[in-house]
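Participant: Listed below, chain by chain, are the residues.
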Amino acid sequence: MMDQEFSRQQIASEQDVVNLRKKIYQAFLICFDDNSFSVKVTTMLSSLLKKMIIDHQQVYLDTEIIIAGDYVKLVKIRVFDPFYAIAKEIPDIYLHHVELAIKDDLLEIVIDKMFPVERLEDAVVTFNERSRDELLFELQSKNKDLLESYENLKKAKDNSARMESELAVGRNIQMSMLPTDFPTNDNVDLHAKLVPAREVGGDFYDFQIIDDNYLYFVVGDVSGKGVPAALLMAMTKSLLRSVAITEHSTSQIITHVNTEIAKENKNNMFVTIFLGLLNIKTGEFTYTNAGHNPSYILSEDSKPVKLTERHGPVVGALEGFEYSESTLQLTSGQLIFAYTDGVTEAQNTQRELYSDEKLLKLIETIKGQSLISIVDTVIQEVGLHEKGSEQADDITVLSVKYSKKSDPDFFLQFKANYNDKEELTSQLQSFFLDNKYNVTVIQKVQIIMDELISNIINYATVEEKNTDIQLNVFLLENKSGIKIQLLDNGIPFNPLEKEAPDISLPVESRPIGGLGIHIVKSLVSTITYARNDSQNKITLLLKV
Amino acid sequence: MEIEVTNVKDIFVVHVNGFMDASTSPIVEKEVLKLIDEGKTKLLLNLKDVSYMSSSGLRVFLAASKSIKAVQGKFIVCEANDVVQEILKISGFDLIIEVQDKYEEAILSF
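Protein chains in written order, with our numbering: chain A, 1 to 544; chain B, 545 to 654.
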């Protein structure tokens, strides 16, 4: 008979309730052969027990079977606490065949539902034996699981912490390498900005004025991330700089550096580089592009020019490769715009790239702004594009402006009236004669000045303003040409916008307006108008 | 700039010495229109000593041509130097006013 008794259960925690619930369910299912009933009784019981262990440190559960003939007539389950009475009010649960009652400080649950006595043995075995093993097994596996997940958690924590700290170290190396003492002098201005991504990214830039004659600058992107990428970056940057100090050919600089890096490159990492060397005295610009995004040349009065030449593969990939270079002549006021793929490949929430087209459009509209503003605007626009999605890669923009700020060879400031203009005419005449310029050239300059200045005077009169005019004349080398700047602080007026006159009309219907500008345009090689700092500025070039 | 007016029979020759720009051209214009007002119908503008001329000079030519046409007269320009000729060409004025290279030819073509 001992085998036919359900063992006493100790319940001290919610986990115990869960385990017990499983056992009771299985035993009841065997006894009553009624799933729905078994679920109901088990659920009721477990919810009661759960409530009890809130008030009681532990409770015990005994089961008594009342047999009548071949049938089990009643199942009595008693729940008690050996130290404290079960005094809780019985919840108002109605379940057919089940009665709850508090009796002698314990809770008694009587299940009045018959089942064949031969089922009892199986039920008891299931309840007692299997459940014990199960409990043990469960406990063991729980422990194992717990231990494992704890270890995993610890490992994951270590991993991500190690990863984070490695990224942070890499990031620190990267950011500390970026110079911010941007050069700005009479001939060259440079500004750059790097916005690091949270994880991936190995962008860098560098610059240095060498021998007061050259501006060396570089924009690069190291493959990979973390400390190895940062170290490669540091190595590349230092190598480039040290070679650039003595070597004034960008192809030679990159060829040297590539060989050094390829030799040591065990991690198969590489660097894309756009390297430029600008002769700040002459404007001669030499560059080598090693697998990097093409840079742009921006001019005040023409469309951006994309420097599409590729001079070799990414640096670090092919030991001994001989890189090539390109050279072009910058004119005063032109800009070099370099960047990394973090700009053009920035993605919005729809995963659309910022794209070359958008960048080209943007730089064309902002090229007239200050360098700082150009760099900031591009960074800002890319940021707006990326808004809502995480910045996937470093974003780097570097821009250089070349200017030939020499003093004009002839300079005069005067008022917008005909007396002052006559004075200018005679001074200009003497200046060009003294410099032994051809009479025809002088005549042309005088005609041009007459047209432009009388235009300003006429507009000044209309507006009754005391307009100041400033004339700067630059004589180009070898008498190859004359550059003239004419500035006035009158109302905004672009004479170049005047329509060309119809020169085929007969005398009677011939208007005279517009002819002057038409003549000027015909005599000069180039002429541009700009409105800056409340001044009209006309710049023209007369080839001699 | 100096202006000298001489005459060969009934042809009145305006000789300008200097340059014709926005300041000086109005003086030439005034002189030429005065002659037309006085009833002269044959006018020759001799540019032999005009070093350069801006569109303000063209204004003079245009005013002179229009006024003289009204009185069935004739206005001729001669002896323009290379730069002035270029200005005439650029502006298309070589097609709408009579331009003669040489002073003598100009006198003969009245």
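Bear in mind the hints are in silico, worked out from the structure with no lab data behind them. Among the hints, a few may not be true.
Which stretches of chain A does chain B cover? Using the computed rule of at least three CB atoms under 8 Å from a CB of chain B, they are [what the hints assert, rightly or not]:
{"id": "1", "region": "174-184"}
{"id": "2", "region": "361-370"}
{"id": "3", "region": "515-527"}
In silico DSS-like links for lysine-lysine, alpha-carbon gap of 25 Å or less [to be verified]:
{"id": "4", "chain 1": "B", "residue 1": "K578", "chain 2": "A", "residue 2": "K521"}
{"id": "5", "chain 1": "A", "residue 1": "K51", "chain 2": "A", "residue 2": "K40"}
{"id": "6", "chain 1": "A", "residue 1": "K404", "chain 2": "A", "residue 2": "K358"}
{"id": "7", "chain 1": "B", "residue 1": "K578", "chain 2": "B", "residue 2": "K618"}
{"id": "8", "chain 1": "B", "residue 1": "K633", "chain 2": "B", "residue 2": "K586"}
{"id": "9", "chain 1": "A", "residue 1": "K303", "chain 2": "A", "residue 2": "K263"}
{"id": "10", "chain 1": "A", "residue 1": "K404", "chain 2": "A", "residue 2": "K303"}
{"id": "11", "chain 1": "A", "residue 1": "K436", "chain 2": "B", "residue 2": "K592"}
{"id": "12", "chain 1": "B", "residue 1": "K633", "chain 2": "A", "residue 2": "K543"}
{"id": "13", "chain 1": "A", "residue 1": "K303", "chain 2": "A", "residue 2": "K436"}
{"id": "14", "chain 1": "B", "residue 1": "K553", "chain 2": "B", "residue 2": "K633"}
{"id": "15", "chain 1": "B", "residue 1": "K633", "chain 2": "A", "residue 2": "K498"}
Glycine is no exception: its CB is placed at the ideal position from the N, C-alpha and C atoms.
Participant: If you check each hint against the structure, which ones fail?
Facilitator: Numbers 1, 2, 4, 6, 9, 13, 14 - these are the hints that the structure violates, sorted from lowest upward.
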